[in-house]
Structure formats: structure tokens, C-alpha cells
Amino acid sequence: QVQLRESGPGLVKPSQTLSLTCTVSGGSISTTGYYWSWLRQHPVKGLEWIGYIYYTGSTFNNPSLRSRLTISVDTSKNQFSLKLRSVTAADTAVYYCARRMTTGAFDIWGQGTLVTVSA
Amino acid sequence: DIHLTQSPSSLSASVGDTVTITCQASQDIRNYLNWYQQKPGKAPKLLIYDASDLQAGVPSRFSGSGSGTSFTLTINTLQPEDIATYYCQQYDDVLTFGGGTKVELK
Chain R
207 QVQLRESGPG
217 LVKPSQTLSL
227 TCTVSGGSIS
237 TTGYYWSWLR
247 QHPVKGLEWI
257 GYIYYTGSTF
267 NNPSLRSRLT
277 ISVDTSKNQF
287 SLKLRSVTAA
297 DTAVYYCARR
307 MTTGAFDIWG
317 QGTLVTVSA
Chain F
199 DIHLTQSPSS
209 LSASVGDTVT
219 ITCQASQDIR
229 NYLNWYQQKP
239 GKAPKLLIYD
249 ASDLQAGVPS
259 RFSGSGSGTS
269 FTLTINTLQP
279 EDIATYYCQQ
289 YDDVLTFGGG
299 TKVELK
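Here the protein sequences come in this chain order: R and F.
Residue 207 is where the first sequence starts when you use the numbering used here, and the numbers rise one by one after that.
Residue 199 is where the second sequence starts when you use the numbering used here, and the numbers rise one by one after that.
Bound conformation, chain F alone (with noise of 0.2 Å):
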């Protein structure tokens, strides 16, 4: 299986701040991979997809970057509700997540 690791595993920052998180793939998994938001107590929700495309409804502040085996998540401009554990995902091989990335407020 192809593996994904994040980094930080978590990370505080101030409201208005820009956050960057990276995914780093095992091997070449091309563009194939989704960014994911998830909330204490609720389902994951698609951010980005095929690296760098914005799900609809989405804010324009969060953006993906990427390919080959090294990929990054960017928040910009910190809110508030932004506040949550970011995952990556990758469709090449067998589908597997990252181990997540912790967002909290300084």
C-alpha cells in the first residue's frame, strides 16, 4: 500500500494566519490525491481534489498545491471555524489517508 505521511501532526496558530500542511506520498501517486476537514464528531469533508481543485462551496482560502510524491494544503487568512484535524487521501494504489494534521488556535 502506498503511504502518507503529514506533517506537523498538529500545529497552533493565530486567527488570520497562513497555514501550510504537507502530505508526503511513499511513491508517485500523480495528481491523485484529495484534502479532507474533519470536526470532533462529524464526518470528514472534501476540500480539495485531484491536488489543486476546489470542491464546490468550498472557501477560496484553502488551496492545494502538488504532485508526484510531495503535496501541500495552505489555509489562508486563519478563521475561526477552521479550527480541525486535516486529512490527505490518495486513489493510485489501494486508497489510504494520511495520519492527519491537528489544527488548533493559539
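Next comes chain R alone, as it looks inside the complex (with noise of 0.2 Å):
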């Protein structure tokens, strides 16, 4: 079955860019009708959507973090990325990748990373 899984930097430093790489096992990410999606989880703010790409390219962010945030996809690797440039302490938090179905559900996530923004 469809696996995900994140990697990355569990420390970044203020004014930095946050990097993180989801890499989907047990299918492809060019499966039809799906959308690879980001979101956080503050300790205070709770779940917040940050953004998903289908396998062509194409992506839907967050306004609210839009000027900060690209999210690439790499097919040939079956994984997709995140950049949050900038950060803050704001931005500490488990982030996590998930498959979006045409329905708006996530229905598959990967098991989470935290990602502190300290000096």
C-alpha cells in the first residue's frame, strides 16, 4: 500500500529556509486524481493546510503562506518538496505529508516531523 514518508532538518535557523522532502513508496505519485499535499500542526494553532502539487506541476498554496512557500515535485523519484523560506519561530512545528484525494479528504499521511526554528 501507499506509503509517505518526510526528511529533512529538524533545526532551522531564524530567517532561514525551511527544506523538507516527502518520498511516497507502494505507488506512484503520477497516479491520476490525487494531490500531494503539506500541512503543520503548531502546539497552540493546530492543523493548518500549507499546500499540495499534482504530478504535472501544478499547485495550490495556502495564501496565507504564498509569498514564503514553493513546492516542487520530482516524478522520477516519486517524491515531492517543500520550501518555507524565512522562518520564524511561528513556523515551528510537526509537518507532515499526505495524499489529498478528489474529495478534499487526506487520506494517506506520512508519520510527521518536527521542525524547530531556534538559533
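Quick caveat, the hints were computed from the structure, so don't treat them as lab data.
Here the structure is a predicted model, which is why all the values come from computation and not from measurement.
Glycine included, every Cβ here is placed at the ideal spot set by N, Cα and C.
Some hints here could point you the wrong way.
Stated by the list, open to error - With a Cα cut of at most 27 Å, we get these calculated DSS-like pairs of lysine-lysine: (1) F:Lys240 to R:Lys289; (2) F:Lys237 to R:Lys251; (3) F:Lys304 to F:Lys243; (4) F:Lys300 to F:Lys243; (5) F:Lys240 to R:Lys219; (6) F:Lys243 to R:Lys251; (7) F:Lys300 to F:Lys237; (8) F:Lys304 to F:Lys240; (9) F:Lys240 to R:Lys251; (10) R:Lys289 to R:Lys219; (11) F:Lys300 to R:Lys251; (12) F:Lys240 to R:Lys283; (13) F:Lys243 to R:Lys289; (14) R:Lys251 to R:Lys289; (15) F:Lys300 to F:Lys240; (16) R:Lys219 to R:Lys251; (17) F:Lys237 to F:Lys304.
What the hints assert, rightly or not - Sample of chain F residues lacking proximity to chain R, with all beta carbon distances greater than 12 Å (derived): (18) Asp199; (19) Ser210; (20) Thr218; (21) Asp226; (22) Leu231; (23) Asn232; (24) Ala254; (25) Pro257; (26) Arg259; (27) Ser265; (28) Gln277; (29) Pro278; (30) Gln288; (31) Asp290; (32) Val301; (33) Lys304.
Assembling the complex is the task here: the two chains are given apart, and the hints tell you how they should meet.
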């Protein structure tokens, strides 16, 4: 079955760029009808949708993060990635990658990775 | 953005009880509402999509209802493994989540 796994640094300095990669296994990222997504969970603010990408490269991002955000896909590696620029302590969260169905629901999630923004 | 208000924020119930969680949307979201269960240290798990459709593999004691601005998640015959935090999520507009309802054992 399809599985997702996040990877990347767990500590990022303020003003730098947070970079994470999600590796999809057990299925193809090019399967039609699925959108490959990033979400995060703050201890206080709760769950927040960051954005998602289709295998063709079309992206849909949360307007609140759009100016700092790049989501990309590498179909040859079955991976998609997140870059969030100019981070602050407010970006400290558990980051999840997930698969979004056409229904708008996230049916498969990665295990999550804690990213802390601190000097 | 569409705001989702869940109530209660927490509840205590006994094994075998029926538990009801509500999710109120700040505007009409038709049936574009999903429910998740999250246990500590784990990713959310999809339970219900499109307000009332049970995700494959989810026990039938979970059910969802509602449309427009008012939605309900019901757990019939609460089991110990149902102790978790539950979230609603809408996708009618920019995706947003409710604040969560923590279900504990009495």
C-alpha cells in the first residue's frame, strides 16, 4: 500500500529556509486524481494546510503562506518537496506530508517530522 | 477563510457510550466536510469524508451527518481504542480544520 515519509533537518535558524522532502512508496506519484500535500500542526494553533501539488506540477497554496512557499515534485524519484523561506519561531511545528483525494480529504499521511526554528 | 468551531473541546465518556461531536462552519460548505481521529504522537487518520461517507477500513460505529453549516460525528458504543482527539476539516474554500475535540475515558 502507499506510504509517505518526510525527511529533512529538524532544526532551522530564523530567517533561513525550511526544506523537507516526502518520499512516496508503494505507488506512483503520477497516479491521476491525487494531490500531494503538506500540512503542519502547531502545539497551540492546531492543524494548518500548507499547500499541495499535482504530478503535472500544478500547485495550490495557502494564501497565508504563498509568498514564502515553494512546493515542487520530482516524478522520477517519486518525491515532492517543500521550501518555506524566511522562517520564524512561529513556523515551529510538526510537518506532515499527505495524499489528498479528489474529495478533498487526506487519506494517507506520513508519520510527521518536528521542525524547530531556533538560533 | 472559513472558520470551523468544534464542540465540546473535550469530553469524558464511558466504554459503551454514544459520543457526539459537532462542527459548525462560519458559512455554507455544502457537504465538503471530513473527520479525522488523531492519537498522541501519530498522524491524523481519516474517518469520514464528504460529511457522511465512511472511509474504507473504519469501524461502522463511526458515522457522520450534516450539511451546510452544521455537522456531527457520532461514535456508537465507544471503545477504549477510540480515545483520541477528533478534528473536522472543510474543503469548500481554503482548507481549514476545526480546533479539535479530545475524548477521554470517564
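Q) What hints, given by number in increasing order, does this structure fail? A) 18, 22, 23, 24, 30 and 31
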